[in-house]
Amino acid sequence: MLARMNRPSPGSGRIELHLPGEVGIWVFVLGDMAIFALFFAAYMVDRSVAVELYNASQQALNRTFGVINTLLLLTSSLFVVSGVSALRAGRARVAQRLLLGAMLCGLGFAVAKVVEYGEKLGQDITPYTNGFYMYYFMLTGIHFLHLTIGMGVLVLMFRAARQRQVTDEGLAFVECGATYWHMVDLLWIVLFPLLYFVR
Amino acid sequence: MSSLSTGPSIKALGKTRIGRIWLILVVATLFTWHFGSDTGDRSLATAVVIAVAFIKIRLVGNYFMEIREAPAALRCIFEGYCLFVCAMILGLYFLS
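The listed protein sequences derive, respectively, from chains S and W.
With my numbering applied, the first sequence corresponds to residues 1 to 199, in that order.
With my numbering applied, the second sequence corresponds to residues 200 to 295, in that order.
These are computed hints drawn from the structure, not numbers from a lab.
Small disclaimer: the values here were computed from a predicted structure and weren't measured.
Incorrect hints may have been included.
[As the list claims (entries may be wrong)] One side of the interface only, derived from the structure: several residues of chain S facing chain W at Cβ under 10 Å:
| no. | residue |
| --- | --- |
| 1 | L17 |
| 2 | M44 |
| 3 | S48 |
| 4 | L78 |
| 5 | S85 |
| 6 | G131 |
| 7 | T179 |
| 8 | H182 |
| 9 | F197 |
Just so you know, even glycine gets a beta-carbon here, dropped at the ideal spot from N, CA and C.
Let the sequences and hints guide you as you build the complete structure.
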């Protein structure tokens, strides 16, 4: 199978065709990205009929949370891609440390998001406040669900990296988990400017 | 060039291509924060931050998800997705 063929280090500069993980994870990831594209379109269409309301509501968001969360997810992705690379090279202990780093970043994202939600609810801002906040809570909430699942996947990837002998199947599982985690990062990269900066 | 495949360590990250990609992504995020918060031309700021977001997505996809090393079909779907969704968001923004 293609996925079982060459395994160059991510970003090593040497391009040899290969597909990380299994085909199934890519079908899932592309499907999820397509669903989010519909969410982005729905947000932009609804925004177009209430531009002033959306712009005024957006001003109440704390952009610092958005920036911190973006940096945390980018760093978690760096840890994951490096962890996969380490595992491919047979350095399981390094991979474990890197995956722990990714988990800590994910946890940081979750804490920041809960604090941000708390701040909004403390100001009596809820999904029922107006259309903008309905989208804000819905889109970030669905993304938060993806992140929570991703945290569980990172734990399973860590366990796979702790096996005495990492098999091809174990490595494929870790690659699938990494692909999912990067998708969580990728979706946030669009949500961040869409909710915090498009005015 | 130090490679993660031959000698991975946390210290070595900054010397790798992946480390440099991460650095570009961080700088792009900070640029979005600065430029997107600017109270000047909002249309320009929006167009720029959305364009930067999709450049970031291409970096994450191609280097972190290793799509640049994937079969052509996946590369085409991914590049098409980036182009289509970016154009859709900007199109809906400027039509509103």
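Status of the hints after comparison with the structure:
1. L17: holds (6 Å)
2. M44: holds (4 Å)
3. S48: With a closest approach of 3 Å, the S:S48 hint holds.
4. L78: holds (4 Å)
5. S85: With a closest approach of 4 Å, the S:S85 hint holds.
6. G131: At 13 Å from the nearest chain W Cβ, S:G131 fails the 10 Å test, so the hint is violated.
7. T179: holds (6 Å)
8. H182: Holds, because the Cβ-Cβ distance from S:H182 to chain W comes to roughly 5 Å (cut-off 10 Å).
9. F197: holds (3 Å)
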